[in-house]
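Please model the entire structure based on the sequences and the hints provided.
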Amino acid sequence: MLLSIQDLRVAFRMGKGVRAEAVKGVSFDIPENTTVALVGESGSGKSVTAMSVLNLLPDNAERSGRVLWQGRDLLQASLADLQALRGKEIACVFQDPMSSLNPVFSVGQQLTEPLMKHLGLSRSQATTRAEELLGEVGIPEPRRRLSSHPHEMSGGQQQRVMIAMALACEPRLLIADEPTTALDVTIQRQILELLGKLKTQHRMSVLFISHDLGLVGEIADQVVVMRNGIIREQGPVARIFEAPQDDYTRALLACRPSLEGNPARLMVIDDHIAAASRRAAGQAEAEARDAQAKDPAAPVVLEVRSLAKSFWLKQGLFGKREFKAVQGVNFQLRKGHTLGVVGESGSGKTTMGLTLLRLHEPTGGEVIFDGQNLLKLGDRERQLMRRRIQIVFQNPYASLNPRFTIGQTLLEPMVIHGIGTDTADREQRARSLLEKVGLDGRAFGKYPHEFSGGQRQRVAIARCLTLNPEVLVLDEAVSALDVSVQAQVLNLLKDLQDEFGLAYVFISHDLAVVRFISDEVLVMKDGVVVEQASAAQILAAPREDYTKRLLAAIPRGYRAAA
1 MLLSIQDLRV AFRMGKGVRA EAVKGVSFDI PENTTVALVG ESGSGKSVTA
51 MSVLNLLPDN AERSGRVLWQ GRDLLQASLA DLQALRGKEI ACVFQDPMSS
101 LNPVFSVGQQ LTEPLMKHLG LSRSQATTRA EELLGEVGIP EPRRRLSSHP
151 HEMSGGQQQR VMIAMALACE PRLLIADEPT TALDVTIQRQ ILELLGKLKT
201 QHRMSVLFIS HDLGLVGEIA DQVVVMRNGI IREQGPVARI FEAPQDDYTR
251 ALLACRPSLE GNPARLMVID DHIAAASRRA AGQAEAEARD AQAKDPAAPV
301 VLEVRSLAKS FWLKQGLFGK REFKAVQGVN FQLRKGHTLG VVGESGSGKT
351 TMGLTLLRLH EPTGGEVIFD GQNLLKLGDR ERQLMRRRIQ IVFQNPYASL
401 NPRFTIGQTL LEPMVIHGIG TDTADREQRA RSLLEKVGLD GRAFGKYPHE
451 FSGGQRQRVA IARCLTLNPE VLVLDEAVSA LDVSVQAQVL NLLKDLQDEF
501 GLAYVFISHD LAVVRFISDE VLVMKDGVVV EQASAAQILA APREDYTKRL
551 LAAIPRGYRA AA
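Read left to right, the sequence shown gives residues 1 to 562 (the working numbering).
Simulated from the structure, these hints should not be mistaken for laboratory data.
The beta carbon of each residue, even a glycine, is placed where N, CA and C say it ideally should be.
Hints may be right or wrong, so weigh each one.
As the list claims (entries may be wrong) - Computed cross-link-like contacts, DSS-like style, restricted to lysine-lysine with a CA-CA straight-line distance of at most 30 Å:
| id | residue 1 | residue 2 |
| --- | --- | --- |
| 1 | K335 | K436 |
| 2 | K525 | K320 |
| 3 | K88 | K197 |
As the list claims (entries may be wrong) - Ranges of calculated distance between the beta carbons of each label pair, as one might list FRET restraints:
| id | residue 1 | residue 2 | range |
| --- | --- | --- | --- |
| 4 | D270 | K16 | 25 to 33 Å |
| 5 | M116 | L82 | 14 to 22 Å |
| 6 | L551 | K197 | 38 to 46 Å |
| 7 | R143 | E499 | 36 to 44 Å |
| 8 | W312 | D73 | 36 to 44 Å |
| 9 | L68 | K16 | 30 to 38 Å |
| 10 | Q428 | A238 | 24 to 32 Å |
| 11 | Y397 | P31 | 24 to 32 Å |
| 12 | N60 | G441 | 42 to 50 Å |
| 13 | L317 | N55 | 49 to 57 Å |
What follows is the structure, encoded as structure tokens:
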């Protein structure tokens, strides 16, 4: 047995004698040349469990139990012993490559460091090996890329560099902590295939951490399902997918949006568990209703004509060249409808959304809203119009001011735009909106760091609603959330749309999510709309090869891969 975790417990000292127990007696094994997936929602303890192996935990962590690496207990190992193991015998790939790669050093410098430290290679030998590693993980022009810095590479390329660094010393075990969460479906597919190929080539084991059971079904041999610091179920991937024993495992499998059918609401984890309890008690269960078709004659609230955005890039000493990020985008958005915008990273979908709002100044085209071209408005008129078109950003951790309480965050836009008669009226409105997005009154006086990612995204949505908008641009608003929280936010967006008649521009790389929430879909590639049709039509009969590739890249779980 390569690694055996036995009755692992991890707690964090919180001060004043308070301890928070994150992992509560976890046990599982990782055999040689095997991929074990550790699955669960955010806060389930899966990353803490994995980081305990090499003690990559903060100083206030307390560990007990046994972590046996080829029979040696790593919980008793000295720091020097662990440092000798890190990167050489056991390597890690983390979720966010930009926070893991040093922005000051080139890719070549960061790749050669472990080779020289652990393998004793000279600088020239390490450079040659680094070039080979970049080629091995599929980065084009590896010699030229050695001199690149992380910010000069895409997210998928950065993750490939992280994998190359992890494999530099040919480790026996690779710990991959959510390595594909922030990547679009085609890059995600490439990274999964790369990990599978490298595992076979190097005959290494992989501990793959994810919140998405559909994803791990394509890569894992064994699956361990965690919730609230304990293991709910573990076993071979075929058994977990074909005959899951635990209600929580069944719920994780079921709460993700599907490409087949379109329910009015997604069932979240607690809904599934409650439904299982009702079935066990012999009670009737109401089936999820299909989504109702929208009114095709609803008034048009936003019309975009030939929208274009270019950036000018420096070329040579004095020259510059035009980069056309968005070219000739046209669409109509009706009241109460959702337009999904999909494409890979770099396709121009986010730039298009920001240009709609003039957060990027457009190069050409028109955006007609309430009879006016938003792109021609002066500063004062644009400020007034901005009340009616709002945006929710991808990262709920970066979009809220950490120094403001939630109450201040909601009151500020109302004060700026003169909404409400006085402070008491605005506060009442803010508290009402918090209730609408599923947060109680206690949230009003708290700060953003006291909330989870899903709760912060609810606050961001409530902040937009303070201004009574008619259109919301949602830029990857659920892509950073685990599947159960994602289902809650998607249900919330549908409820708000039904209540207020909101129109959404929903930007995403996840076609299953787009299928659930959208009425019409734009598919973008290299700044151009390559296909435009109803959500059902695009998924049932895509015309363009690019759309077909996007659909083929979606993880389908174990049964589809088998």
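Hints versus structure:
Of the supplied pair hints, the one linking K335 and K436 holds, its CA atoms being roughly 20 Å apart against a limit of 30 Å. Between K525 and K320 the alpha-carbon distance is near 24 Å, which keeps this suggested pair within the 30 Å criterion. Between K88 and K197, the direct Cα distance comes to roughly 20 Å. Compliance with the 30 Å bound is thereby established for this hinted pair. The given range of 25 to 33 Å is respected by D270 and K16, whose C-beta atoms sit roughly 32 Å from each other.
Remark: the range hint 14 to 22 Å for M116 to L82 is upheld by a beta-carbon distance near 20 Å. For L551 and K197, the Cβ-Cβ distance of about 23 Å falls outside the hinted range of 38 to 46 Å, so the restraint is violated. For R143 and E499, the Cβ-Cβ distance of about 57 Å falls outside the hinted range of 36 to 44 Å, so the restraint is violated. For the hinted restraint 36 to 44 Å between W312 and D73, the CB-CB distance of approximately 59 Å leaves it violated.
The hinted range of 30 to 38 Å is satisfied by L68 and K16, whose Cβ atoms lie roughly 35 Å apart. Evaluation of the 24 to 32 Å hint for Q428 and A238 yields a failure: the beta carbon distance comes to about 55 Å. Between Y397 and P31 the C-beta distance comes to about 37 Å, which lies outside the given range of 24 to 32 Å. Distance hint for N60 and G441: a CB-CB separation of about 31 Å, inconsistent with the stated range 42 to 50 Å.
In this structure the supplied range 49 to 57 Å holds for L317 paired with N55, their Cβ-Cβ distance being about 51 Å.
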